[in-house]
Amino acid sequence: MALNAEESGRLAALLSEHVDQVTQRWTEAVAVQLRGRLSQAELRRQLQELHRAILTTAENGIVDVDAEHAAELRAVLGELSRGRARQGFSATETAISVYALKEVLLELLEARGGESVLRDFVAFSGLIDQMGLFTFESFVRTREGLIADQAEQLLELSTPVVKLWDGVVAVPLVGTLDSARAQVVMERLLQTLVDTGSPYAIIDITGVPAVDTQVAQHVLKTVVAARLMGAECIISGIRPQIAQTIVALGIEFGDIATKASLADALRHVLRLSGVETSRRSRRGA
Amino acid sequence: MERVPILKIGDILLVSIQVDMSDQTALQLQEDLAERIVSTGSHGVIIDITALDIVDSFVGRMLSTIASISKVLDAETVVVGMRPAVAITLVELGLSLNGIRTALNVERGMELIAAARPDESPDDDEFHDETDEPETTDSA
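Respectively, the protein sequence lines represent chains A and B.
Residue 1 is where the first sequence starts when you use UniProt numbering, and the numbers rise one by one after that.
Residue 1 is where the second sequence starts when you use UniProt numbering, and the numbers rise one by one after that.
Rather than coming from a laboratory, the hints here were simulated on the basis of the structure.
Among the hints, erroneous ones may be present.
Said to hold, decoys possible - Straight-line distance between alpha carbons at most 20 Å, and here's what the computed DMTMM-like set of lysine to aspartate or glutamate pairs gives:
no., chain 1, residue 1, chain 2, residue 2
1, A, Lys163, A, Asp195
2, B, Lys71, B, Asp32
3, A, Lys221, B, Asp32
4, A, Lys221, B, Asp56
5, A, Lys102, A, Asp120
6, B, Lys71, B, Glu31
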């Protein structure tokens with residue numbers, strides 16, 4: 001909802017006449033809601049900036065958040081909500097920074113009096129609602145960006161392929177295995193097999209909280225793909241509950257070797273590749 | 001028409017597929033390979049598909065056919081150098097290349113063939129050569 005030229009003129013007059021009063025009351029109202037998580041000085045600086053942006057826009061004529069000349073206002077609002085989102089404030093606490101202006105304007109309008117008080121207040125609060133919505137939108141966008149970044153980081157961090165022995169690599173899977181992650185794990189493992197020429201791979205699922213048919217499907221696909229390339233996979237780290245789930249779900253691992261622990265799997269692979277391990281006898285024993 | 005070269009290394013025939021496989025090329029390869037196995041008396045065939053970006057059901061069937069032909073002629077077939085992307089695609093398609101042995105690279109493939117025929121090591125060949133004479137005299 002946009003303000004017409006006349007209304008925005010009155011808004012500009014109201015804001016410019018009582019600069020200090022507006023920022024003072026506004027800061028107080030917001031500070032109560034934020035419960036001291038942001039310093040008064042910082043809050044005042046932000047609100048003064050926003051105040052200035054609204055005033056500039058109002059002086060330029062029709063006030064509308066979507067208007068072309070309101071770019072500065074949008075930038076300030078966006079900056080404010082991005083900051084709030086990063087600092088971990090809730091959506092309400094972010095929106096209140098804008099909505100608190102309503103109370104301040106109401107006070108000022110009441111003090112001024114006159115015929116157009118009601119109409120002006122409705123118009124002004126329409127504008128503030130619009131600004132609030134805009135703030136909320138950019139808040140959500142920032143949060144979504146953060147979540148996407150974190151998901152990507154998680155994807156990169158949680159799928160290392162480690163070399164255990166000459167010709168033996170292992171993938172310790174940690175966390176829930178969804179399709180996207182399974183794909184990344186699969187590709188990375190197969191690529192490592194090619195790069196290192198390792199004929200054995202151990203997939204350790206100790207860190208996977210639950211194994212359902214989908215997770216099993218992903219693991220089986222990886223094993224079959226590795227076999228096609230000429231490498232053998234062993235699944236290890238199957239916890240007791242997981243074993244029960246696997247049997248209850250009727251998942252068949254066929255002739256794929258499964259071991260309870262990574263140590264067992266490594267021993268199995270070493271035996272397959274003809275490496276013998278023996279404990280060195282203690283001196284003097 | 002392009003032809004896939006067949007190289008003989010010791011007791012093993014090495015086929016490195018570097019071109020896109022058409023029906024003609026595949027049939028020609030099967031024929032050539034069968035002839036070479038018989039003429040050289042090789043006991044192992046290594047098919048290197050490192051250069052293949054795409055392995056579809058057609059190429060998959062060709063590999064299976066070659067493996068079967070070699071088996072009839074008493075030669076082990078090992079497919080080596082399959083790319084990860086190719087393996088993933090084959091799994092997604094549900095093609096498992098039944099009856100084909102695979103290895104990561106040519107070296108591993110040669111080891112696999114050697115391991116599959118422990119009684120046919122080069123030392124044994126020398127032994128056979130020595131016994132050739134008495135055998136011929138016996139039959140003569």
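Here is what the structure says about each hint:
no. : hint                : in the structure
1   : A:Lys163 / A:Asp195 : holds (12 Å)
2   : B:Lys71 / B:Asp32   : holds (15 Å)
3   : A:Lys221 / B:Asp32  : violated (35 Å)
4   : A:Lys221 / B:Asp56  : holds (18 Å)
5   : A:Lys102 / A:Asp120 : holds (11 Å)
6   : B:Lys71 / B:Glu31   : holds (14 Å)
Of the numbered hints listed earlier, the single one contradicted by the structure is hint 3.
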